[in-house]
Amino acid sequence: MMETSVQERPLLDIRGLEVTFRTEGGDVVPVRGVDLRVEAGKTTALVGESGSGKSVTSLAIMGLLPRPYGRVSKGVAEFRRRSGAVVDLASAGQGVVRALRGNEIAMIFQEPMTSLNPVMTVGEQIAEQVRLHMALAPQAAMRHAVEMLSLVEIPDAARRAGDYPHQMSGGMRQRVMIALAMSCNPRLLIADEPTTALDVTIQAQILDLIERLRKEHSMGVLFITHNLAVVAEIADTVTVMYAGEVVEKANVRDIFHNSRHPYTAALVDCLPERARRDSNGRRIVAAIPGSVTSAAEATGCRFAPRCQRAVEACEAGSPELLVAGTGHEVRCFRWSEA
Amino acid sequence: MSAMTARSPVRLFLQRLFRRKLVLVAVIILLVIVLLAILAPWISPYSPTGMRVSQRLRPPSLTNWFGTDEFGRDVLTRIIYGGRASLGIGVAVVMCTMLAGTVLGLIAGYFRALDAVIMRLVDAMMSLPDILLAIFLVAVLGASAGNVVLALSIVYTPRVTRVVRSSTLVVRELPFVEAARALGVSTWRIMTMHILLNVASPILVQATFIFAYAVLAEAGLSFLGAGVPPDIPTWGTMIAAGQQYADRAVWLVLFPGLAIVFAALSLQLLGDGLRDMLDPKLRKAL
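Protein chains in written order, with the working numbering: chain A, 1 to 338; chain B, 339 to 624.
Among these hints, one or two may not hold up.
As the list claims (entries may be wrong) - Quick list of simulated restraints, FRET-style, between CB atoms:
(1) A:D27 <-> B:D453: 22 to 28 Å
(2) A:A204 <-> B:D453: 44 to 50 Å
(3) A:R82 <-> B:I376: 54 to 60 Å
(4) A:D27 <-> B:S504: 30 to 36 Å
(5) A:Q205 <-> B:L542: 37 to 43 Å
(6) B:L507 <-> A:G327: 45 to 51 Å
(7) A:A316 <-> B:D461: 54 to 60 Å
(8) A:T196 <-> B:D453: 32 to 38 Å
(9) A:Q205 <-> B:A451: 41 to 47 Å
(10) B:T530 <-> A:V311: 58 to 64 Å
(11) A:T196 <-> B:R357: 37 to 43 Å
(12) A:A286 <-> B:Q353: 55 to 61 Å
(13) A:E216 <-> B:L542: 43 to 49 Å
Stated by the list, open to error - Residues from chain B shown here face chain A by an in silico Cβ test under 8 Å; the list is partial:
(14) L512
(15) P513
(16) L521
(17) G522
(18) N536
Keep in mind the hints are simulated off the structure, nothing from the lab. Virtual Cβ for every residue (Gly too), placed ideally from N, Cα, C.
Pulled out of the complex, with its shape left as it was, chain A reads as follows:
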C-alpha cells in the first residue's frame, strides 16, 4: 500500500513556490504561487515570455538563486530521489542540493557557446563531472566521457573528446552539454531553452536527441521555452506562466485545442502557422498588444491590462487556479466562457 502511494508520486512536485529578491528598492517577488509537476519519463513544458519567471523557477529548483539576494520565501519543491526518499529542494541545505545537482538532477542551458569552459577539452569536462559523482579512476572516467559523447551522436567521439569547445559548432557544443548533463544518468533533466541559440535544422536534431534519451532512460524532463512550436513537438503536459504566476496547466492537446486562459489562447494564435491572410493575400501574424507588467506592481489579474476579455472584476481581485477539467487548471474568472 505504502509502496504504490510512493510510486504514484510525481518525480518533481512543486507547490506554492514563491521566490523573493531583495533589492535596494524593496523586495521583489518574480515568482509567486507556482505549482508544477514533472512525472518520471514524461516531459513538462514550462512556457512563458521573457520575464515571466520561468528561469527563476528553474534556478530555484536547482538551488542556484543568486545569493544572498534571492531566496525561496514560500512553498515546497519535492523531488523523489533514486532511493525513493522525497527531499524538499526548497528547504534542504546547500550540501544536499549540491549532491543532487548533476547527479540526479541535471540542467542544460540556452547558450552552448559559453556554457563550456574554454580552457578544458570537452572530454576533460565530462570526465570531471563523472568523477565528481561516481567513484571512477581518471582513465575509466575518460572512457565514460567518450561513451557519453557517442551517446549524444557525436561522430568520432574518441577523437572529439580531445577538442576544445572553440573547435566545435554550436550544435556540437549543445550535444556536449547534453552529454555532460546525462553523464550521471539523471532522473530529472531541466532544459532551459536549449535550442534557442541554434539553427532550425539543428534544433530538430537536439529535440530528437532529448526525446530519445528521455525514453531510453525514462527520465523526467522540465523543458523551459517560449517556443510553442517546440512545445507541440515534445511536451506531454504544459504549464504556462505569466508575470510570475502559473496561468494555465493542461496536457499538450488541451493547450493547443482547448485553452481556457486568454493568454494561452493569444499565445497559440501568435504561432506563424496560425497567421491569417489579409485582403491582399499577405499573411499577418497575430501579436499580443502591450508587454508583461512588472511583477511588483500588480493588483488583480496580472494579464488584465492586455486581456481582450477583461472586466472590472479582473482589475479588482486576483483569481486562484481553478479546475477546468481533468488535469486542467486555469487562473481566470471567465475561463468557462472561452
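Given chain A's structure and the hints, the job is docking chain B onto it.
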C-alpha cells in the same frame, strides 16, 4: 580546421608571440642572461671574489672585457654571478607574489563578502610608494637576500591581487561557471579548475612585469644600502660599490647598469608581447 589541429599548440603559441620581432629579440637577450647566470661557475673567466691588487681599476681590455674593480676583481665575472642573485631574487619574488596575489585575488573576486576587506587593505598598501615601503620593510626586517624577497613580495602582491580579482569578477559571471555549479561542482573546484585556468593569462603577463620590477627594485634597494649585503655580488651592490670610482672608472657602474637595463627591458617587452598575444581584442589588430 585540419591544418589548425595539425600544428602543435606550442608552435602556434611561439608563432603568435614572435610575430613582433622585438619580442623575439627580448626573449633571446633574456635567454642569454639566464643561461649565463645558470652556467656562471663554468663559463666565467675569473673567480668572482678573486682579488688582484695589482690589477685594480683596469679599463676594459682583451683580458678583462669589462675591466676590473677597485679590488682587481673581473667585472664581467661579477656581472655574470650578479645575475644569479638578481634574477634569483626576481624569480623568488615572482613566485611569492603570484601565489599570494592569486589566492587573495580569487578569494576577493569570488566571495563578495570578503572583497571589501581584502581590497581596502590592498588599496592602502598601493597608496604607499613601492620603494619607500620596501626600504621600510627591509630596515625593520634586516638586510638579507631573504628579507629583500619578503619585502618586495609584500610590496608587489597587491598588484597581482587587483589583476586576479578583476579577472575573477568577469569569469565568475560567465555561463560556464553557472553550468558547472548546476552540475554540482564544488566551490573549490570551480575556483581552481574553472576560474583560475581562465584568468591564467593575465596572471602570466603580470608575472613578467613583476619580474622586471623586482630586478629593478632589488638593484635600487642594494644601491641605497637597504638591500642585499655588499659581499654578495648583485647588479645593485656592484653599482653601489662602483659609484665612488665612477669619475675614474665609469665601467664599474656602466656595465652592471647595462645588465639591469637589458634584463628589465627584455622582461617588459616579453610582458608586452604576451599581453598583446593573449588579449583577443588586441590580437586581431596585430
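Cross-check of the supplied hints:
no. : hint                          : result
1   : A:D27 <-> B:D453: 22 to 28 Å  : 24 Å, holds
2   : A:A204 <-> B:D453: 44 to 50 Å : 45 Å, holds
3   : A:R82 <-> B:I376: 54 to 60 Å  : 59 Å, holds
4   : A:D27 <-> B:S504: 30 to 36 Å  : 31 Å, holds
5   : A:Q205 <-> B:L542: 37 to 43 Å : 40 Å, holds
6   : B:L507 <-> A:G327: 45 to 51 Å : 47 Å, holds
7   : A:A316 <-> B:D461: 54 to 60 Å : 55 Å, holds
8   : A:T196 <-> B:D453: 32 to 38 Å : 33 Å, holds
9   : A:Q205 <-> B:A451: 41 to 47 Å : 44 Å, holds
10  : B:T530 <-> A:V311: 58 to 64 Å : 60 Å, holds
11  : A:T196 <-> B:R357: 37 to 43 Å : 38 Å, holds
12  : A:A286 <-> B:Q353: 55 to 61 Å : 56 Å, holds
13  : A:E216 <-> B:L542: 43 to 49 Å : 45 Å, holds
14  : L512                          : 6 Å, holds
15  : P513                          : 4 Å, holds
16  : L521                          : 3 Å, holds
17  : G522                          : 3 Å, holds
18  : N536                          : 6 Å, holds
The structure fails none of the hints (numbered hints given earlier).
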